[in-house]
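With the hints as your guide, set chain B onto chain A.
If you read the protein sequences in the order shown, they are chains A and B. Taking my numbering, I'd label the letters of the first sequence as residues 50 to 171. Taking my numbering, I'd label the letters of the second sequence as residues 157 to 388.
Since no wrong hints were added, every one of them can be taken at face value.
Just the calculated beta-carbon pair ranges, DEER-fashion:
#, chain 1, residue 1, chain 2, residue 2, range
1, A, Val74, B, Tyr378, 27 to 33 angstroms
2, B, Thr168, A, Arg75, 33 to 39 angstroms
3, A, Val153, B, Ala282, 56 to 62 angstroms
4, B, Thr168, A, Pro133, 37 to 43 angstroms
5, A, Arg155, B, Ala185, 41 to 47 angstroms
6, A, Arg75, B, Met352, 53 to 59 angstroms
Read the hints as simulated data drawn from the structure, not as lab findings. None of these values were measured; they are calculated from a predicted model. Glycine is no exception: its CB is placed at the ideal position from the N, C-alpha and C atoms.
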Amino acid sequence: MNERRKSPDFLNGVPELVLLQLLAVRPMYGYQVVQAIRQATDEVLDFGEGSIYPILHRLEDEQALTSSRETVAGRSRVVYRITPRGRERLQESAASWNRIARAVSRLLEAEGGAHARPAVAG
Amino acid sequence: MLGQQWLDDLATELRRRGIPEARRRRLLAELRDHWMDLAEENEMSTMQTGLSERMGLPAHLAELAKHEHRKSGLIARYPAVAFLVMPLPTAVLSVVLFTLLLSGLAWATGFLTALESRQPDLPLTASTQFLLDAFCVTIRFAPFVVAAGLFAWISRRASVSGWWCLASCLLVGVLAGAFNCQLQMPVDGGKGVLSMGLGFPWSGLQYVQLAMPLIVGLAAWYLLPHRVLARR
Chain A
50 MNERRKSPDF LNGVPELVLL QLLAVRPMYG YQVVQAIRQA TDEVLDFGEG
100 SIYPILHRLE DEQALTSSRE TVAGRSRVVY RITPRGRERL QESAASWNRI
150 ARAVSRLLEA EGGAHARPAV AG
Chain B
157 MLGQQWLDDL ATELRRRGIP EARRRRLLAE LRDHWMDLAE ENEMSTMQTG
207 LSERMGLPAH LAELAKHEHR KSGLIARYPA VAFLVMPLPT AVLSVVLFTL
257 LLSGLAWATG FLTALESRQP DLPLTASTQF LLDAFCVTIR FAPFVVAAGL
307 FAWISRRASV SGWWCLASCL LVGVLAGAFN CQLQMPVDGG KGVLSMGLGF
357 PWSGLQYVQL AMPLIVGLAA WYLLPHRVLA RR
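Same shape as in the complex, but just chain B:
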């Protein structure tokens, strides 16, 4: 049967492109249904070329199936994992990375060395104090804002509902609100202490910390283009 030959050719092409078996079976079953509908309505030529013209060449169809299979990524298939589970570890990782980045910058510019070698009984200069305060403020906001922006971008890329973006930004925001960072300068030749942690109840600044990732994440979601009409 020529229709069966077309389906066999397609099955071979799909297998060659590594389409998973379940998906392959399903596509072939639906195409068989479609072919039977065509046959019932006497619309189909009995020639193999006619069938390919109507349904598409097996190789082209297999290529499209591969392309579409790749597009339906894990995020779209498992949004709860991506937007409810991942935000917290991502925000923590972001804090760690920012701390390393800023510490690295301080070390590379000689700021840390200068700080360590200063006379312990002398007060900090205004610029040093400013940089230390800036570090504490930056670490309270920047990692969380970046994480929220990342989830907004991911939600747009995966074309999932905006509610997922809101949920992930809210989770990041709550973690940001609870986040505390304090820097204690060395006293009497001892060592300074940088402490980070989560704390309740919240102070005024922590409510701002909660709001910032939310605002930035939602603004990014609004401004970023969605991919529905721009997919490859």
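Here chain A stands alone, though its shape is the one from the complex:
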């Protein structure tokens, strides 16, 4: 119900949704996450690579992720793992996203859709 009122903000949660989804598949460190986003989205999602770290840190604060310093390929890196709470959040987040995506699709596919002439009063 209130989803409608919130709709102008809905894109703000997309990086979080993407990060949770990727980390639900396997634990990764930051650089791997960025590469995985590029591969998975055919580079459609384009953003400053550094910007994922503040989001990862917040998700960890919120206990959606855990992190640990591990040696990977001879170098020490911070590896992120999703938690049960993170999985629960991913589920809710994905459901919300699907609802919004369906709503937008319906709008675009509506009769007349993008080709409709603007209705002018009078």
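Below, chain B without anything else, positioned relative to chain A:
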């Protein structure tokens, strides 16, 4: 080294925005790792502008770090305190506030004055009795329902698990179930007594008192939008 210059610029921007030192160090360490990975794979331009383009401008990144740091509020970091410790004091405070509010209303509308100045040997009118009974019933339910709704709202705002909401509503519900309120009218010119307290064993009404905050809290949790896709 140009990469180091970018990191130094970022450190300055983060400091300027008041990001705590521990978080600042961690972000810089991970970005240094990231930068080394880029360098190893020869993907990075050696130009400072190339690095900023790839990683983000230091000022923009620092602003995002500040924004994200603010978003991860205390509730999400300490849910046990918020949802296991706070419900009881909140429910008690809610009862106090409701009592003050209803008493204030009774005073403001002249109801209290009329009650005090009535002939003590005359029975209460039906409407007066109804209002007094309504007060006792309201105080048994409303403060707890409001407290449960508040915790449902907080749990949605903080995007924590629904189990925390359930736990807090259950705590509020147990307190509500044990809550008793009785109003004794003055007899023979004496003073009336309003007594509130916790009591066991429970009567039938008290089980309803337990259930109401639970039902309302969980319904509110279900109906309120979660913020995962709506964060700023």
